[in-house]
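Chain by chain, the residues run as shown.
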Amino acid sequence: MSNSEHFATVMVQCFIDAVNKGVDLVPVVADSTSTSKIKPFTEAFPDRLVNVGIAEQVMVGTAAGLALGGKVAVTCNAAPFLISRSNEQVKVDVCYNNTNVKLFGLNSGASYGPLASTHHSIDDISIMRGFGNIQIFAPGCPRECKQIIDYAITHEGPVYIRMDGKALPELHDENYQFVPGEPVLLRQGKQVVVCALGSVVHEAVAAANTLKAQGIEVSVVNVSSIRPLNRDALAHMLGQSKHVVTVEEHNVNGGLGSLVAEVISEQGIGGKLVRLGVKDGDYAAAGDRPYTRKMLSIDSAGIVAVCQRLVSEH
Amino acid sequence: MNPFQLDIEGLENKARSIRRKIIRLNADSPAGGHTGADLSQVEIVTSLYFRLLNCAPDRVTDDTRDIYIQSKGHAAGGYYCCLAEAGYFPEDWLPTYQHNDSKLPGHPVRQKTPGVELNTGALGHGLPVAVGLALAAKRDGSPRKVYVLTGDGELAEGSNWEAALVAAHYKLDNLIVINDKNKLQLAGTTESIMRTDPLDKKWQAFGFHVAQCDGNNVASIVETLEGLKAQGQPNVVIANTTKGAGVSFIAGRPEWHHRVPKGEEVELALKELADV
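Each protein sequence line maps, in turn, to chains A and B.
Under this note's numbering, the residues of the first sequence are numbered -18 to 295, in order.
Under this note's numbering, the residues of the second sequence are numbered 18 to 293, in order.
Careful: at least some of the hints might be erroneous.
Stated by the list, open to error - Reference excerpt, derived from the structure (chain B facing chain A, CB under 7 Å, subset only):
| # | residue |
| --- | --- |
| 1 | A139 |
| 2 | H142 |
| 3 | V146 |
| 4 | G149 |
| 5 | L150 |
| 6 | A153 |
| 7 | S176 |
| 8 | A180 |
Calculated from the structure, these hints are not laboratory results.
Note that the coordinates shown come from a computational prediction; the quantities given were computed from them, not determined experimentally.
Ideal Cβ positions, reconstructed from N, Cα and C, are used throughout, including at glycine.
For reference, chain A alone in the conformation it holds in the complex:
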């Protein structure tokens, strides 16, 4: 699509804009200059980037030190290595020490499809949710991505941003205003509520369009703000239907599916929940995006089929 944009490109432009506005922002990479598409930044500011080599633990530790030294430190590398390899540095140096570090998990979920499970991050949301104080966002389109990053840079404290690896089109028009914590209702329908985050929001919207043509009305909620989260607002949206479906390119344990299950049970909302994503005890398949998503039923066809089944059962 003509207005599609890579999130990494959006991210780098946000960094450039921030430095031009006087923010003392320092990107820290682990040989991940191409992954992060950082070249326009290094061309604009040749001496600002810190590259620690292929070493995620020291990438995160160094970022925490830079933050303690007064910088806005932003780490940029592939989400699976950031989350898993430097897990304790994220926990201790960033979260527990409450340092002003922004962690960008690039090419998250199964963005690296055929490269298989070492390169997939299907556990990042659940891990970050286990840490006390880090804010967690998963943008679904370039406009939202930019606004989340602009917010993260000005917010004092740790932030994790789950960034998809493919160019994605817009979900919102130019009037969109990101509000931390607020779930966003993208489609309204009474029969099923579909919650999604990140790039699979587009699958949910496509599914809603298909279902509408079949006479089935579903809501689509974009839960891009995992922490903070206005749980009352989400509960209100979930309470509009007897059926809730969550869609995520992530393990159903600990991610969006678990989060929605918590809200449903804590708020006493009735209805049945179907969690779509990587199943309990499983990994994402190795293959391209359409294949992987089909296997997990998180493509639009899979979401359509689940919604049809739920509606037909009643």
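Given the coordinates of chain A, work out where chain B should sit on it, guided by the hints.
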């Protein structure tokens, strides 16, 4: 500037006073303590806080202050005793060490204790963060120096060596790593569990300027640290120490890694540590 600037005799007196505090603090702890590790580092932290560090209790947020990072976070008790002696918080906090709701938990927490710069406890975290602090200071043209104290058993953590590469690559000559080389760790001797020797050659190979000192001798520590020059390389000082130094029945004994003095041991230790 350091507000104390003690001479060698003054530092020796402070070290003895801090050791007495360590004995009492651990004896009062309801959750054990790391008495051996606390005692091995006494002369190092005393030399830093009472002579070398450009920091003071009334300047804990000064952007130009020197930074000390206690990477061997399990020796928090010894660290607290030094900070209390230097006036960072009231001495009557010390008997609350590791009690419920204390401002002095079993590992350092900067949100709780004035003077603490970094929450540590999991090993191998101090040096990477110190690298970031040193890098920030370099880029700001700040006179700040960053000191980080590690154990020697801790050097088995690979994150230290990732950080060593970065420190040398970025020529962080405002970074001073001190290895409290007391040759013992939780389960026995460092030599038998995971050998770090020849430690000096390892640091040299990683691009560090290496110095050694007697880590339980303030004169040796001061001479070595004051002799370091900024010359385009990060610095490491291998401080050869004795775990449990200063108390005859604790020194060099691995069982004191996580033991505290009880009953008559307290009086015996304090007697050995009395001012002459």
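Hint-by-hint comparison with the structure:
1. A139: Constraint on A139(B) satisfied, holds at 5 Å.
2. H142: 6 Å, holds
3. V146: With Cβ-Cβ at 4 Å, under 7 Å, it holds.
4. G149: 2 Å, holds
5. L150: With Cβ-Cβ at 4 Å, under 7 Å, it holds.
6. A153: Holds. Min distance 3 Å.
7. S176: It holds, given that the least Cβ distance between S176(B) and chain A is near 4 Å, below 7 Å.
8. A180: Given a least distance of 5 Å, the restraint on A180(B) holds.
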